[in-house]
Amino acid sequence: MSDTLTAPPSAASGPPAGPGQRPRRVVEALWLVVPYIVSVVLAFVVGGLIIAAIGRDPFAAFESVLTTSFNTRFGTIETLHKWVPVLLCAYAFAIPLATGKFNIGAEGQLLVGATGGVALGILWSDLPMVLLLPCVLVAGALSGAVWAGIAAFLMTKFQVNEILSTVVLNFISFQLIDYVASHVWPDRGAGHPATTPVGEGALLPGIGQAPPMHTGVLLTVFLVIVIAVFMRRTSTGFEMRAVGANLRAAQVHGIRTSRLAGAGLVVGGAVAGLAGAIEVAGVHGKMLEGMQSNFLILGIIVGLMARGSMLALPFIAFGIAVLEVGAGSMQRTAQVPVEMVLIIEALILLFLLLSDIARAKIRRH
Amino acid sequence: MENPRLEMRGIVKTFGPVTALDAVDLVVGRNEVHGLLGGNGAGKTTLMNVLYGLYRPNAGEVLLDGQPASIGSPKDAIAAGVGMVHQTFLQVDNYTVTENIVLGTDVPGPLRLDLSDAKARIRELSERFGLTVDPDAVVEDLPVGVRQRVEILKALYRGAKLLILDEPTTNLTPQEVDDLFGSMRAMVDDGMSVVLITHKIRETLSVCDRMTVMRDGRRVETIERADTDAEHLAEKMVGSTTDPGAAVDAAALGAVDAEKVEEILSSVGTTTAVAVRDLVVVNDQGHELIQGFELELREGEIVGIAGVAGNGQVELAEALAGVRPLRSGSVEVSGRSMGGLATSTWLHHGVAYVPEDRHRDGILPTASITENLVLGSQRSPQVRRRGLIDWGAAKQRAVDAIAEFSVRANGPATLVGDLSGGNIQRVILARAFARQPRMLILHNPTRGLDIGSTRFVYQQVRKATAAGCAVLLISEDLDEVIALSDRVIALYQGSRAGEWQHGSVDAYAVGRSMTGLGEARV
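Chains B and Y supply the protein sequences, listed in that same order.
My numbering puts the last residue of the first sequence at 1800; the count rises by one with no breaks.
My numbering puts the last residue of the second sequence at 525; the count rises by one with no breaks.
Please note that a few of the clues may not be correct.
What the hints assert, rightly or not - Listed next, the stretches of chain B that the computed footprint assigns to chain Y, with coverage defined by at least 3 CB atoms under 8 Å from CB atoms of chain Y:
| no. | segment |
| --- | --- |
| 1 | 1670-1679 |
| 2 | 1685-1691 |
Unchecked claim - Examples of chain Y residues toward chain B, derived with CB under 10 Å:
| no. | residue |
| --- | --- |
| 3 | R33 |
| 4 | Y356 |
| 5 | L391 |
Keep in mind that the hints were calculated from the coordinates and are not lab data.
Glycine included, every Cβ here is placed at the ideal spot set by N, Cα and C.
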């Protein structure tokens, strides 16, 4: 071992006194925030160049991308409605990731959660809302948990790689909802595989008029707080973070790591399942094919951008929701295809990952 | 000195804010074994890494045979006749000795690899310098001592006139050390120069012609062998002290002869704290690396396990820490049978483990000191309030621990991965002691630590034994084991190969037992 690894502590300066702490903290915060800003700016610059290259006006395109969410009440509500599944799928990815496991199955878990919710919403459609709505949401979360639980079981019992199993379970879930939407409770008139509507009591009440915001948004805000407290303050949350930080050290200090990793997957699945139930109860009123949209990939992007910070997730997810909602109007006003937004999102992530390397280099001098 | 082989003048090397070398001079003559003596963090290895072209100095110059040498890479160094043997060997395990030595040199013809010349040359070198090696042996089958000879031959084969050996006696038995020193003398008699980097005064005294003592990145003095003795060097290297246990510390640091230390630092009680019966432990591949191990530890007793790395130390430590399941046999702590219980239960019953690999097994690098101190007791009532972890109280305890264990950090929020090795070890010890352990397992607890931190570890061990804690000290540093332990047990291939009481330890006997040659082994 090189002597330099244990550089003489006597040579280093002692701990700075109280006032020295503050600028240090500011510097640390800057190191945290600046890469995000730089990455977003760079992504827009590169994206703008691409838009200009295909002969469209990048400024018009970005104006509609960035302002649609805030110009109209409709845009704002739509953004919040988008924020919910994107954020919940981001949690579904980030919570297992805290224990070092990759859940690539959020869309499967979302769809199975939607199936669970829609089943109760249709079967018990006569129940009053106070009974039915909680049942639908809980059924969604439980179904998602069970779906992810399959992968968790295979992982802890047989060491089956969770990336493979969660991805494969996505494909099975496509078949499952296809079957449910076209054979169990098909809506023949929909012209698209979809179930019949759920009962009135299964719908999340709306707030305001034209269009109303569904209360799933408030539920999600509540969930953000619960998850933050869970990860920060509970023993299990701490253990999950410990496993993610150093699996070996966690084991040596008595944490049952494989059980915990499995639990992380199940909790992630429950959150994704809840997202499915909220989509049913708040947005669609039924289950339909394709409702998973691109939430899986957005959730992964958000989860990776947050770099392990559960607190950053809601904000990043909101930014992504703004871009997603703006994408449609960008296509209308500037004739730039919606896919451009996904490119920008990917570029942000790419620059953010590059910034880690740049930062390490700069800090080492 | 006339016509020296090597002159380094005013070498300065900084790493960020840390000055690792502060205007260091070093002169090595011809036909000389030069000892570079100092504790960890003194800058010995850094200085030699500068010479070998691994680091570029901020200032200073290097002269080889009187000529200014510009060494920008190990390749330049080798071309200039400088060879270096590092503590960790870079060898291709499934190649033969000859192949490893030739690797990276020019061999005739791109298509045909004819190694017969090389082999003859290696044979000649190994005979000339007493470096006994079979050129056809596959490296992975060889013990550490022989692999080291391969590394030395590598340097000689490349025409080294100045050979640097970085702590070469780590992991060698006393017998192997004697052989190595014999080879070093043969080299200097043949016209070479050797630099021996070491923290062991005894070694410099027995083999070096001159030595340079370093401390805190500075050269303290350079002195002829004839003009010095152990006490003088110890004072230069460690700084004088009259603390209780100073003699033990000095011996454990390799400054004086460990066998002659009469002082003991433990306080052995009468109650049995730990009883291990017929223990069998398997490694990750399912091989039995600990076979039928027996051990009894009394309260306040320190038992040292001496052995060459890879003889089951890791498995023994992990089994007794409750981290690795027992294949068979039993472990009792304070009369309670622990076999089959969860790791957290072992912790709960007072077993504390300070693992060998601090970074891999000991810490959460991306978590704060506060969080690292909570690790392992996150479910205990002391840490929780109304079902949630009380971080406010945890932070206060962290502040106290930082003060008590003299951790150099900006505060409890400092990430442990940003701390130096010595400070990481202090955090690990603070965590272990916070639980008032009944049994403390220390595995190579001072490896890579500077002298201050090493002493601190010994002080803490003393404190633990005074409180009745039984200590199992597993270490590859024989001086440390002999100086600190009430009893020394040699471990060879997973079994006991001998036992000695404090004060009647013969290092050579321990060395023989560690390599399976002891009489005690049946």
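Against the structure, test the hints numbered earlier, and report the numbers of the ones violated in rising order.
3
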